[in-house]
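Asker: Residue strings, one per chain:
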Amino acid sequence: MLFQSIEFGILLIAVFFAGWSAVKLPLVRKYILIIAGIVFLGYGSKILALFLMVSSLSTWYFGRAILQSTDQIVRRNLLTAGISLNLVLLLVAKTGNVSGLERLLAVSPGDPLSLTSAGGYMTYGVIFFTLQATGYLIDIYRREIVDEVPFEDVLLLVTYFPKLVAGPLVDNSRFLSGIGTALAVERIDASRAFYFILRGLFKKVVLANYLAVRIVDPFFNSPAGFSSFDAVVAVLAFTLQLYWNLSGLFDTGRGVSLLLGFELDSNYERPFTAGSFKGFIKSFNSTYTGWLKKYVASPLRSWAGEREWILLAFPAFLGGLWYGSGFNALLLGAIAAAVLLIEKKLISSPLSTEDSPLSTEDSPLSTRYSPLKKVLAVIYTISVVSFTLVFLRAWSVPEAFGVFEVMFSFRSSAIQTDALLLTVVLWGFAVQFIPHGWSSLWVERLSWLHPLTQAVVIGFIVVLISSLGTGNFPNLLHFAF
Amino acid sequence: MKKAREYRPGTIVNMMMVVAVFLFFFNSNAMMKWIRDMGDQTGIKATLLQIYEPVYAVCTFVPYTRLGHEIGEGYREFAGLGYREIFDGDPSRGLSPDDYPWLKAMLAKPDTVLAASVDSQATLPKEEEISFAPGTVLQILLIGDSMLNVGLGDVLKKRFKELGDVEVTYFGKNSTGLVRQDYFDWFKKLEELCKGKKYHLIVLMIGANDGQGIRINGKDISYGSDAWREVYRGKVNAFASMMSSNSVRFYWLGMPAMLSPFFDKKMKNLTKVFEEETARFKNGKFIPTIDILSNGAGKYAEYVNFGGKKVYARGRDGIHFAPGGGEIITKTVIDQFKKDFKR
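Going down the list, the sequences are from chains S and E.
With the first sequence counted from 1, adding 17 to any position gets you the numbering used here.
With the second sequence counted from 1, adding 25 to any position gets you the numbering used here.
Worth double-checking, as some hints may not be accurate.
[To be verified] Part of the chain E face toward chain S, derived, beta carbon under 8 Å:
#, residue
1, 32
2, 40
3, 41
4, 43
5, 47
6, 82
7, 86
8, 90
9, 92
10, 93
11, 94
12, 293
13, 345
It should be emphasised that the hints constitute simulated quantities derived from the structure, not laboratory data.
The beta carbon of each residue, even a glycine, is placed where N, CA and C say it ideally should be.
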């Protein structure tokens, strides 16, 4: 189910109404949310709903077994089994067509039920809920969670639908301990919730889809038909499209979650203001970076010892595999790792001081460097990120090189970029530098209007977004192997 | 600074209902499209249609109730996004003026060129001798929709130029076709391109956006009906006739096999019309692309065998061409050109 669809609107109203009708029955509310998660994912693909159920039920089972066991070897085996099951689900979803699963289920890559086609876009959810489940099991194994967690709470942690599509990966302990508080909330900051929803829809439906339809899809389908200038614009546009897609979906999910009483962590916070590739990685999908730091880099640290490059390269490489597809993913991960290593060796980043891309230190533009140096650092970051992402979007490695060939052939005939497209791309990067604050001021003011007036304003904006939205099936084929 | 005001769930439910009602009336087109696009196995679709279609029909003359659609149309034109029936189609075209009489007057938007051409039978032009003095620069016009623009047009232009003594005029416009003359009028465009000029060769590839209903003199004709076939044939005939009289030779390229079986069937039907109507003109040549871009059996293939090699021929959307596919079609076109225009 897409966040921007009428079906989702109906589901949201139904869940909201049913959930708050059962406000005195927290257990019933939890189950309403769990069922909503399964319906949300299952509406697009029943197979994925099955995956979600298997993941959540097995996570509860293995989590409880690890908690109850005192034998360290048994605990480790249970952890391995639980993680393996989730990784298998992740791999199957990512390799549905390669592994033959799609043939077995008699779906073709063009079928809406396909795990790997554009119609199977919800596969994107699998990469989030399997990691969430894996993290929970590790937390129990490390005894960061020591009390037995109720069955329905574990299911809710894994299936909670506002975070299924674009994250965030929540902190397990915080989410679980916050369930009670969230369900007891009696008043809701609705204006902020609606603001997030509208902002997300605008990013996804209007901005990202505009770039996809106007330049990204036509260009990557057939780069040879475009000029070098178009190639540069298309590559930058894809970087923005990806950001607006993911952050738009996240914003919408965050708003929906607020309506349901749960405050989600912020994510995708102005990554282009980072003055380095490392800074970009840190802030792009920060909860995923946080997950990597906690569950991959920390265990690696003792093993890596003096070989710091492993701490830089390995998580970056994993990130490439997680986001990317096929051989492109290997190359994407390798390039990301190489850029980080080169940055560490050769460039004393002007905007960031810490070495690890997984560090949580906030960057960037407040440090001691001159404005010119900051501008150059930002241009460098956007360029490197955009070039790297060509391997995420191009259909194959040779085609990725085909993109660069067009870009550096300096062909100037038949330029298809117009003023509007160029303005949107430049504005998309520039707007990230506007400080936070002004929007919350307006949201606060809006919240003091009569609810009916607010509803009319919101209704008008939704109609506007719907009409400016260019219908486009999300092209996330780059996700699957 | 005041803290944001928080609301009870009951108030928020009311707000949501207001937003839903707002959408229900001010975005009636989107609502109608959503109902029409639903699967119809459960019977819910039929019920919803029964309830909402009369409301929607009333919305067609109540000011502002199609606000979203109107804003969207203006925006698409301004942003150069083109028209795609699947997303941008106007659902009011599916309403029957017999059920809702006011539509007869309201939806009238004459399709001028079409009206003249429905029953027209182009006069067969006399075949011209294709002879020209050495050194003559051959004038070639390449036109079409995104099927030309994506993966084919550039290759075609390049290979023609490589032959030497050739001047190529190129015009391709995505998301267009012969059906929606109100959106983009290819007849007018061809007239403009041919003004004061006669081409040696016109190459056309068009039709990907034509699998949709036609509106003629305010009446909607559903895609696939007998009336539709007759009207569309008239349009194809009229266009072929224009190309015929403005060129020494014209090539109409057929649509290739498509990935989606539903879309493929549509395109095969259209291609049959192109072939039959082109055959009526002595200087017209229909060039099929189905066989050269499939691995036997005329089915869609992403990779095809060509010259002993496996060539990546089709874009990942299952519709357009990858440069490899463009090269294959180009070779066929150039071979035909060399046969027709011997130097």
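Asker: Next step is simple, just say for each hint if it's right about the structure.
Answerer: Structure-based check of each hint:
1. 32: 5 Å, holds
2. 40: Cβ of residue 40/E sits 4 Å from chain S, so the hint holds.
3. 41: 5 Å, holds
4. 43: 4 Å, holds
5. 47: 3 Å, holds
6. 82: 20 Å, violated
7. 86: 19 Å, violated
8. 90: Check failed: Cβ of residue 90/E comes no nearer than 11 Å to chain S, outside 8 Å.
9. 92: Where the cut-off is 8 Å and the nearest Cβ of chain S is about 6 Å from residue 92/E, the hint holds.
10. 93: Holds - the Cβ of residue 93/E comes within 8 Å of chain S, reaching about 4 Å at its closest.
11. 94: 7 Å, holds
12. 293: 17 Å, violated
13. 345: 6 Å, holds
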